[in-house]
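Protein chains in written order, with my numbering: chain X, 1 to 95; chain G, 1 to 477; chain P, 1 to 487.
Quick caveat, the hints were computed from the structure, so don't treat them as lab data.
Treat the hints with care, since some could be wrong.
Computed spacing ranges between beta-carbons, pair by pair [claimed, not checked]:
1) 59/X - 83/P: 30 to 38 Å
2) 241/P - 21/X: 50 to 58 Å
3) 67/G - 26/X: 53 to 61 Å
4) 68/X - 262/P: 50 to 58 Å
5) 145/P - 21/X: 30 to 38 Å
Glycine included, C-beta positions come from ideal geometry on N, C-alpha and C.
What follows is each chain in one-letter form.
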Amino acid sequence: MALERSDVEKIAHLARLHVDAEEAQEVAGRISSILALIDQMQSIDTRDVAPLAHPFDAVQRLRKDEVTEVDQREYLQRIAPATQDGLYLVPKVIE
Amino acid sequence: MSWETVIGLEVHVQLDTRSKLFSGSSTTFGAPPNTQAGVYDLAMPGTLPVLNKEALHMAVKFGLAVDAEIGRRSVFDRKNYFYPDLPKGYQVSQLQFPTVGNGSLQITLDDGTQKVIGITRAHIEEDAGKSLHEDFQGFSGIDLNRAGTALLEIVSEPELRSAREAVAYLKKLHSIIRYLGISDGNMAQGSMRCDANVSVRKLGATEFGTRAEIKNINSFRFVEKAILHEAQRQIDLIEDGGRVIQETRLYDADRDETRSMRSKEVANDYRYFPEPDLLPVVIDEAYIEAVRAELPELPDAKRARFVSQYALSEYDAGVLASSRAMADYFEDVARLCGDAKLSANWVTGDLQALLNKSDLEIEQSPVSAQRLGALIGRIKDQTISSKIAKTVFEAMLGNEHSVDDIIESQGLKQVTDSGAIEKLVDEVIAANPDQVAQYRAGKDKVFAFFIGQAMKASRGKANPEQLNALLLSKLKG
Amino acid sequence: MTRRTVAELSRSLARGEFSSLELTQDYLARIRAHNALYNAYITVTEELALTQAAAADARRARGEHGPLTGIPLAHKDIFCMQDVLTTCGSKMLANFVAPYNATVVERFNAAGAVTLGKTNMDEFAMGSSNETSFFGAVRNPWDPERVPGGSSGGSAAAVAADLCAMATGTDTGGSIRQPAAFCGITGFKPSYGRISRWGMIAFASSLDQAGPICKSAEDAALMMNVMAGPDSRDSTCVETPAPDYMATLNDSLQGLRIGVPKQHLAKGLGAEVEAALQAALKVFESLGATVKEVDLPNNHLSVSAYYVIAPAEASANLSRFDGVRYGYRCASPANLEDMYKRTRSEGFGSEVKRRIMVGTYALSAGYYDAYYIKAQQIRRLIKQDFDKAFQDVDVIIGPTTPHTAFKVGEKNDDPVTMYLEDIYTIGVNLAGLPGISIPAGSAVAPNGRSLPIGIQLVGNIFAEARVLNIAHQFQQHTDWHLQQPEV
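Here chain X stands alone, though its shape is the one from the complex:
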């Protein structure tokens, strides 16, 4: 399946990546060649095969409802790009 430039723009937006106009064509080509590889899967019939999400059958383990974390705000915010009054700052969120 070959991708169009418009597909690349749509995917890039979903993934919040910036692809400029010159790049888009090249990216579309590269991704198309990967999709061609992937499309080899379509050569076999898997109608009655259940999808396998994990390599072995195991079930979720449960955790006791206990508070085990302590407040480390100052420490954890030392590596943050921008904070103020304990809040992470981002460009204005418009709803």
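Given chain X, work out where chains G and P should sit, using these hints.
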């Protein structure tokens, strides 16, 4: 032309767990920003989720309370979207295999009839953080304390047909989750939040109209107002030749209107897929039966029992059973005084009025069930009249004096000594010859005047029945 | 020159031939002398190493040591190490000082191992050549014109050049085994779920697995004894305790049933690699094993399925890199969307962006069934093929890679050709099985350099001990694993 409103509700209930859904961070409400956001909640690279046992337990409890199918194998999925209050860039939720499947609950309509509303599903998911928009010079501040808190999203079938029904459904849901103790259901604090899918269609039509999803409804009152507003907006739009578009709208309580959100945004594509950091949650029969055994008596069962056991009206029984605390309070009072009907009147009447006035929950009642029971007991044994009881009730507020002490110290005890009452009656008759003449001439209404005068003379304490009988016989002459 | 294995160093420390501090200083000196050429380390934690070495010596003096106490180690820069730069080979995390320790790091610390630093890697472990690192390509110690393989190329080069005694790696589609083969060392990917992933920066959560990169199967067993075992912080980590991997190393191979996948001997396999494999099979036969052909009929689709599943999971795993809480943020964003897009476009390299887009596409509305579900179905078929094969054989042996190490820059223009080189390793990840690559021969490059060849031994699920035993027995009777490049 007549229109019908079709409503489905998506209710997010914050589960009252101590720690978050997938991490050991605290969930206390109102902590300083980001003091309850640990490495997983902040989506630090390399961190992984482990499911909180209690959240699952609470979800199953809810499922059983609404007679729902319990997913024997539920699967968590990632719902992908970018938002600053969503640290991982995906929300862990359940799409295809939720923990709670099809169920139902019953609501009471305004005319007293019952209606069953289908519950499509209830799934466990994590909450997002909060964005704060004020005071940051063009920036928003992100607080992730709430991020990762356990939510149960309860989705109804589109079977609600008016804003009133939607409110009744929401109140019933609220009552059930409070009964189960799985959430405080506090809408103002956001521990219960409601999105409404609203559409309109011509009465009698079978197809649904295009729906709009209204977000951000944070009180019972606003649910009603938002739906009424939105339905009217859609009707006006269609009647003017327009078309409803499927979109998300935000309810603005200040202006009482809904407005379009993210209208410019390309349609969301959440790219759900199974969360590979978690394994399927498998629940067996033994677990389900153990949870079932823990279920308390639920509002409907309690209401029915109140009607049959205490001969209460459906209405009173419904009011009392709407909250577990209220029902327990009522039953305590009734047991102590031995008169359920009188107890119901007091709890739904004077006590409820008092609570409403001071904006208190029954748990915070200034009058305990023990004291109210004692008060009603004194009405029953004729120590005081019902009217005096109201005076005593007032006097009980703001102190812990016993009912008997109050009656005693304020001299409120009912006069039942027939000699004393007779003396009162004689005095009143003697003092009002004109009215006696009127009465005897056939003006029956004057009788009330004599009762009033005699009561006044007794400072309200005369036994009303005795007073009545004596007055009748003496006035006859 | 002969290699210093962990087992030998441990014995030397025990005999008091040198202290951990001396050993550590020696390794630090080697790093100072040679790292500029190989670029194997992103961060050298010299101060920490010296402190840990002194502590290890003190511990040994008190008699509280284990086999790895005082042994110098390098961690792939994918493992979070508290208060140490943890970059994952990316500009996105070039400033990221991790606020917590990965379980693997914690366990090596508890064992008294000495951390020399963090090794270079393909960005977010996406690559087979170590050329996608923001910190530059790593060079193969056998021939610096060639790649060390990837994504754990820094760890592999560091072990091969003896810039550490042992190293950690991670393997999503071959990222431990392929660089081990290219660098002539031993690299082991245990079964999925055997080692905790807590603190290991995720690429593809259902495939990623940590493992040892070292000089012998015995060293791998020593490392596994520290790394493996349950962890309450990783839901996908199995709860059964890990066995003592040293205990069964010397079990006999008499009667061992070896399967060789006929698909692995088909077109695409280099002649020198095939010759080395055949020679190795002879060695096993001489030890009492029998060899038969097994069928993995769907293996040819493993690369296709992998390039859906891994990018799909990665596309979500890498969404957290948004410039809000840590890591890179673009300069003066105009608005929120601009911040997201520029942060991510400037912070990620082109291979990472490509895979994010492939994954996003595979999960998007209308394509989910055709790509994601289809790939998970193929995944089941591949696992079933292995299950069936393991009814007849105890271990599957084949090449690790079709060819020896290629030249830096040689395959940059064509990602798909590079992806296809992982044809023997990827299926093992999809099925979650344990696989080890051990040196089994060498080829001569046109420039006269000797290039190592690796073979892969794949065991049934959780049969780590058996795989290590078989590899160890091979190494008891061959010396490919002890050959060391001239540094």
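Hint compliance check: list the failing hint numbers for this structure, sorted ascending. none
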